[in-house]
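Peer 1: Protein sequence lines correspond, in order, to chains P and E. Counting from 3, one number per residue, gives the positions in the first sequence under our numbering. Counting from 2, one number per residue, gives the positions in the second sequence under our numbering.
Please keep in mind that the hints were generated in silico from the structure rather than gathered at the bench. Where hints are given, some of them may not hold.
[Claimed, not checked] If we take Cβ atoms under 10 Å as the criterion, some of the chain E residues that face chain P in the derived model are:
{"#": "1", "residue": "60"}
{"#": "2", "residue": "70"}
{"#": "3", "residue": "73"}
{"#": "4", "residue": "91"}
{"#": "5", "residue": "93"}
[What the hints assert, rightly or not] Which stretches of chain E does chain P cover? Using the computed rule of at least three CB atoms under 8 Å from a CB of chain P, they are:
{"#": "6", "region": "49-56"}
{"#": "7", "region": "75-87"}
{"#": "8", "region": "146-158"}
[Unchecked claim] Take a look, some chain E residues computed to stay more than 12 Å from chain P by CB distance:
{"#": "9", "residue": "5"}
{"#": "10", "residue": "18"}
{"#": "11", "residue": "28"}
{"#": "12", "residue": "43"}
{"#": "13", "residue": "71"}
{"#": "14", "residue": "94"}
{"#": "15", "residue": "96"}
{"#": "16", "residue": "98"}
{"#": "17", "residue": "100"}
{"#": "18", "residue": "105"}
{"#": "19", "residue": "110"}
{"#": "20", "residue": "121"}
{"#": "21", "residue": "132"}
{"#": "22", "residue": "141"}
Just so you know, even glycine gets a beta-carbon here, dropped at the ideal spot from N, CA and C.
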Amino acid sequence: MRSAGNVRHWPAEGLTRVPYWVYCDSDLVEQEQERIFAGATWSFLCLAADLPAPNTYCRSNLGMMPVVVTRDQAGDLHAFENRCAHRGSLLVLSEKGEARDITCVYHNWCYDLAGNLTAVAFRKGLGGKGGMPAECRPEAHGPRKLRLQALCGLVFGTLSAQTPPLERYLGPDILARINRVMRAPVKLLGSYSQMLPSNWKLYMENVKDSYHASLLHTFFTTFRLNRLSQKGAIVVSECGGHHVSYSLAADSGGKEYEQAGMRSAQQGFGLEDPTLLDSVDEFGDGIGLQILSVFPNFVLQQTRNSLAVRRLVPQGLQKSELVWTCFGFTLDDEEMTERRLRQANLIGPAGYISMEDGAAPSFVQRAVATASDLVSVVEMGGADTTSQDNRVTEAAVRGFWKSYREHMQL
Amino acid sequence: MNIDLQLRVQNLNARYVETIDENKLELWPDLFTAEGCYRVTTADNFERGLPLALIYASSRAMLRDRVRSLREANVYEAQRYRHVIGPALIGAEHDGQVQAQTSFMVARIMHTGEVTLFATGCYRDRVVLGASGAEARFAEKIVILDSRLIDTLLAIPL
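Please construct the entire structure, taking both the sequences and the accompanying hints into account.
Peer 2: Below, the structure written as structure tokens:
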């Protein structure tokens, strides 16, 4: 790895050290696009419910690459680069909509919903003049097509022929945990976006860091929604890149936080209107919190009855957009929907327990800008990336770097 | 135009903005009725009929909980807002209530000195006028953000 003429090497300690240049070197942006997002990985694109009917489309991204996802007349899903074969203009400008075909506004080149070029305006010229030579094959410059796989209403895409089938990419443990949440047809409740002033990797690390959750997010801890003393576990996939962290809703009742005098264990903090936290054990297993991530850009979250998918979109070196979509199930009654909406107060940019996650990665980004040659210490729970029956560990963070280094050949 | 009505709503709006911009958040819930509803959503969700909100409170007690959490539990960098609000467009009075619609822009001022245009949008309010002489209150306030994008986090209410 080269930056400003220096050769970059990963620290000899391996996964327990993360060099700060991974968040600061601008060369990496292009390499990550090529080797990770356009490489042998599955990126989350959208929910199948975002395309509710035939002849609909929505915009998404494969890393930094703009993508269109469509549902054609027959109901089949497609995804392709949002770039015209002609001069490279964006093909689709609206976030979502209905269309039987897609026409580039610049010069009216036309595509079907599978991304095939079907018509070129004035291809044969006008009155025998102008037009395109008969031997020209603009179809050969068409937008790159993604391979798609839908899993329980989640739509993933990849550009690489080398990416293994999604089920194998995820592994059985992650697959089972996705199935646990995505157990019925989805009903969209709404979405919003959060602009994170940090490199995308810092947010993914934050998601995989079960160690911080109860320490930074004091709302969580004080209401015993999540303490590390609650029974829980962390599961890291074989490749390292995917993880699940979960905890039971019931608390062991321990006083470890109070005894240690931690900031997050303030006394006497109770809700005046506790209906906010009214929840039901809808999955029947007592698990109150499950955070699942798939390398490189996807998070599936169950916080009590608040369910959401989060899609991370890198926007250059120091900026990323996090797109949240909250959902319930089509079978939910009014009471259940109301419960999900109330508990949505816990999540998102204004969430009682997640607002800090918008800022914490930027605290790192701002501090390490002048520390490229130094490293962070990731040794909670040892040095490996194996699953553990506790959450006082950074195994999933190390797992992220294991996967990252493999794709980046670092 | 009912000037008295217009002034009462305008006064409520001015007091609303003051509690936030002058960091008197403890007074903010009192501008709502006991069962007052407060929602912050995006124009996109609102127009598509999707019920999700960024902040959703269905009682004054929930608003007080939010203020307490901001004061005691949540971690965010020191910041303040400056609201600029437009004139309220007021509907006809009905059962002691009026609908009001008011545009707003909010600048966010960080402790670092950075000033940014943080949010723009529209308040769609249901205002309870109360007995004459009593102060008007919000029975419902829907904050509709023009953009779906929030920069970093939304701690202080809009």
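Peer 1: Decide, hint by hint, whether the structure agrees.
Peer 2: Tested hints:
1. 60: With a minimum Cβ separation of about 5 Å from chain P (threshold 10 Å), the hint on residue 60(E) holds.
2. 70: holds (6 Å)
3. 73: It holds, given that the least Cβ distance between residue 73(E) and chain P is near 6 Å, below 10 Å.
4. 91: violated (28 Å)
5. 93: violated (30 Å)
6. 49-56: Coverage by chain P holds for the region 49-56 of chain E (7 residues, Cβ < 8 Å).
7. 75-87: holds (count 4)
8. 146-158: holds (count 8)
9. 5: holds (34 Å)
10. 18: holds (19 Å)
11. 28: Holds: least Cβ distance 16 Å, greater than 12 Å.
12. 43: violated (5 Å)
13. 71: For residue 71(E), whose nearest Cβ neighbour in chain P is about 9 Å away, the distance does not exceed 12 Å, so it is violated.
14. 94: Residue 94(E) is indeed farther than 12 Å from all Cβ atoms of chain P, at 30 Å.
15. 96: The claim stands: residue 96(E) keeps its Cβ more than 12 Å from every Cβ of chain P (closest is about 25 Å).
16. 98: Fine: 23 Å to the nearest Cβ keeps residue 98(E) off the interface.
17. 100: holds (22 Å)
18. 105: holds (17 Å)
19. 110: holds (16 Å)
20. 121: holds (15 Å)
21. 132: holds (27 Å)
22. 141: Consistent with the label, residue 141(E) stays out of reach of chain P, its closest Cβ about 15 Å off (over 12 Å).
The structure does not agree with the numbered hints 4, 5, 12, 13 stated previously, though it agrees with the rest.
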